[in-house]
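Residue numbers (this note's numbering), protein chains in the order written: chain A, 28 to 334; chain B, 275 to 496.
Everything labelled a hint here was simulated from the structure, so no lab data went into it. Beta carbons are placed, not taken as given, at the ideal position from N, Cα and C, and that holds for glycine. Check each hint, because a few of them may be wrong.
Stated by the list, open to error - Mimicking DMTMM-like on lysine to aspartate or glutamate, the simulated pairs with C-alpha atoms at most 20 angstroms apart in a straight line are: (1) A/K148 to B/E458; (2) A/K65 to A/D230; (3) B/K295 to B/D361; (4) A/K96 to A/D31; (5) A/K148 to B/D361; (6) B/K413 to B/D461; (7) A/K300 to A/D230; (8) B/K484 to A/D230; (9) A/K148 to B/D446; (10) B/K480 to A/D152; (11) B/K413 to A/D152; (12) A/K231 to B/D461; (13) B/K413 to B/E458.
What the hints assert, rightly or not - FRET-style restraints, in silico, Cβ to Cβ: (14) B/E458 to A/I114: 30 to 38 angstroms; (15) B/A391 to A/A302: 47 to 55 angstroms; (16) B/G441 to A/N226: 22 to 30 angstroms; (17) B/Q482 to A/K97: 55 to 63 angstroms; (18) B/E313 to A/G174: 53 to 61 angstroms; (19) A/V170 to B/T354: 53 to 61 angstroms; (20) B/A399 to A/K148: 30 to 38 angstroms; (21) A/V83 to B/L356: 22 to 30 angstroms; (22) A/A115 to B/D342: 44 to 52 angstroms; (23) B/I339 to A/A55: 25 to 33 angstroms; (24) A/L235 to B/R459: 17 to 25 angstroms; (25) B/D467 to A/V334: 34 to 42 angstroms.
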Amino acid sequence: MKTDSRLKRVLEKGHFAVTAECGPPKGADPKVIKSKGKILKGFVDSVNVTDNQTGVVRLSSLAACVLLKKEGLDPVLQMTTRDRNRIALQSDILGASALGIRNVLCLSGDHQSFGNQPQAKGVFDVDSVQLVQLVRQMRDNGVILGGDKLSEPPRLFIGAVANPFADPFAYRAIRLGKKVAAGAEFIQTQCIYNLTRFNEWMDKVRDLGLDEKVYILGGITPLKSARMAEFMSKQVAGMDVPDEIINRMKSVPAREQRQEGIKIAIETIQALKEARGVHGVHIMAIEWEEAVPQLIEAAKLFPRPQV
Amino acid sequence: MITAERKPLSEIKEMIAPYKKILVAGCGSCVAECASGGEKEVGLLASALRMDAKMEGRKIEVNEITLDRQCVYEFIDQLTGLVGQFDVILSLGCGAGVQALADVFAGVIILPALNTAFIGQTKEAGLWIENCRACGDCKLGYFAAVCPITRCAKGLFNGPCGGSKDGKCETDPDAPCAWQLIIERLDKAGRLDLLQNVYPPADWSKQQGKGPRKIHREDQSI
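Chain B with its partners taken away, still in its complex shape:
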């Protein structure tokens, strides 16, 4: 999933300061799973904004809505006819959601309430870890399903570096050394032979491309 964290209330307040009628729009997908932008978080943020305005003696109107997905037109369409009633849409979607809303409703002010973080996994309740950088050229098959680009601090294809100690990364004593994991898993799988290979440099054009990437499939077009 795409993970995100809510911006501090002070930053959100500063962004919405010029506006009176605010629609807080959540997203029921990834950011709901990581408890930053779902229906519950929409309610919490809207209440906080209302209470804050009341305490400071300001008059604002805050409404709430949560779309199933903010990044897909058929769900965004729910907002058609509604957005005109507000000065601003405060989106609790990821960066893709915020931009998709702005793309559909040209001329409407859409502001982000989240900091989008990474593609990750729910490791345990309340703990999310990054494990994919969307490089566009997956090599997990060679590395025992541990991504060295994401999980090695130096992104080494031919690791580990000299800073691995007791199975931990030198940059963070809580983070396992990705290469320690790779070697242990390959050993268990009887595939240590894969470690003999000198892996060539990555093709970053598949990640960075010529600007933003796109996938266009004729078979999916209507």
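For reference, chain A alone in the conformation it holds in the complex:
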């Protein structure tokens, strides 16, 4: 049976996949999602919808996924374990599948202390690895945690994230192995600015044979300014922006910095296309979706394959 997940079809056919991120608005207006969807349509294989990222309340990921699906895109539902216990998570997995969503990305989520609800109770009933495992069991074995049978299993292509730049570095590839063992089928990584470090991580990933068991999509975030590069380097946990990149952004006048950011992103994508075991890119243009088509064309990733 042909899967409804465009992302899965693209990857299984051996194409270099392109996904992008779409952040829902801080309000109930569906037009924001629809217009972001229109910008991305045709340029990407699938669109990730973030789940209250950085712990800030936004329109729900599942609702935004449904809106994007109606626009003809293939959404990737991001699900964090921060806000929902295992009852709610499993229920939403079933609901997502029933609504025609075919991809899920399992994460623990940014800690609630970073967002606009710092007094919230962090749920973390299960962690991201356990979420991968439970979705996989629901889909492949038709059972929920505890063993109860589902009348109909969910149909989902299952993803997880990896951060090659966080500490302890030596353990990062091993942890990816755990996610693969738990059942992850595709991986989207943290934004890559330090290619040397990324390649060191990929060496370990390849040594463990993980690149043959899971599709790896390298994370790309085009920089808008030197200030953004500095902010990400210093203020954002788990982000590695080398001085070389910051200095390069600083070396051009402010009004040309966006273009420089795009150039760096194109060069990174080219390097990832050459890297063995990297199966695609995941573009997170934060509140800058309109840059994505330009970036994809310039990186020679357009047109997208017909699958």
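Based on the hints, put chain B in the right spot on chain A.
Below, chain B alone, put in the same frame as chain A:
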């Protein structure tokens, strides 16, 4: 031990405002160790309340007592015959102590002077750290005696998350990443193999139960 911190004087004053005869009752166990509810702290709080009333021209009577333990009946019994002489008991016990007093002396008003904080360790003089959430299902044996439920901000059984940098937690630059500690210790012990396991979700029913938990042992009953 169970750690606690004294409530601000303003909050305590507001609670005891309607009462004239006050018994400040300390506890000589955990809260004495963490310098929040022992004999010394009872004396300090009683003096502060007396002085404050004097400054404001109010007449109150404040007495002091410190029980060895406020959570065990045989020690609580010291208060029998005494509580009737007061309008209110201001307890410097933990939450368990306050409730135990109220349970024994039905009809007597017992008020908490402490905010009970956590189960922890005296790390150094004046520094207490949380290291147990009393989950009822100890897994320290798998995690090199570092509790991920307590010491990882996300309580991950399969950590670390992507926010660990230079051995610190993203939520607090002073807090070590629990998973960094776990990995380092398992490495030293030659047990990195334990990290390959995908640990299943916790059984929170052992912590949250069906409401409050209890331990009932026939062999200890008299």
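Now for the hints, and whether the structure bears them out:
no. : hint                                 : result
1   : A/K148 to B/E458                     : violated (30 angstroms)
2   : A/K65 to A/D230                      : violated (38 angstroms)
3   : B/K295 to B/D361                     : holds (5 angstroms)
4   : A/K96 to A/D31                       : holds (11 angstroms)
5   : A/K148 to B/D361                     : violated (37 angstroms)
6   : B/K413 to B/D461                     : holds (18 angstroms)
7   : A/K300 to A/D230                     : holds (15 angstroms)
8   : B/K484 to A/D230                     : violated (49 angstroms)
9   : A/K148 to B/D446                     : holds (17 angstroms)
10  : B/K480 to A/D152                     : holds (13 angstroms)
11  : B/K413 to A/D152                     : holds (16 angstroms)
12  : A/K231 to B/D461                     : holds (18 angstroms)
13  : B/K413 to B/E458                     : holds (17 angstroms)
14  : B/E458 to A/I114: 30 to 38 angstroms : holds (36 angstroms)
15  : B/A391 to A/A302: 47 to 55 angstroms : holds (49 angstroms)
16  : B/G441 to A/N226: 22 to 30 angstroms : holds (24 angstroms)
17  : B/Q482 to A/K97: 55 to 63 angstroms  : violated (40 angstroms)
18  : B/E313 to A/G174: 53 to 61 angstroms : holds (55 angstroms)
19  : A/V170 to B/T354: 53 to 61 angstroms : holds (57 angstroms)
20  : B/A399 to A/K148: 30 to 38 angstroms : holds (33 angstroms)
21  : A/V83 to B/L356: 22 to 30 angstroms  : violated (54 angstroms)
22  : A/A115 to B/D342: 44 to 52 angstroms : holds (46 angstroms)
23  : B/I339 to A/A55: 25 to 33 angstroms  : violated (58 angstroms)
24  : A/L235 to B/R459: 17 to 25 angstroms : holds (23 angstroms)
25  : B/D467 to A/V334: 34 to 42 angstroms : holds (41 angstroms)
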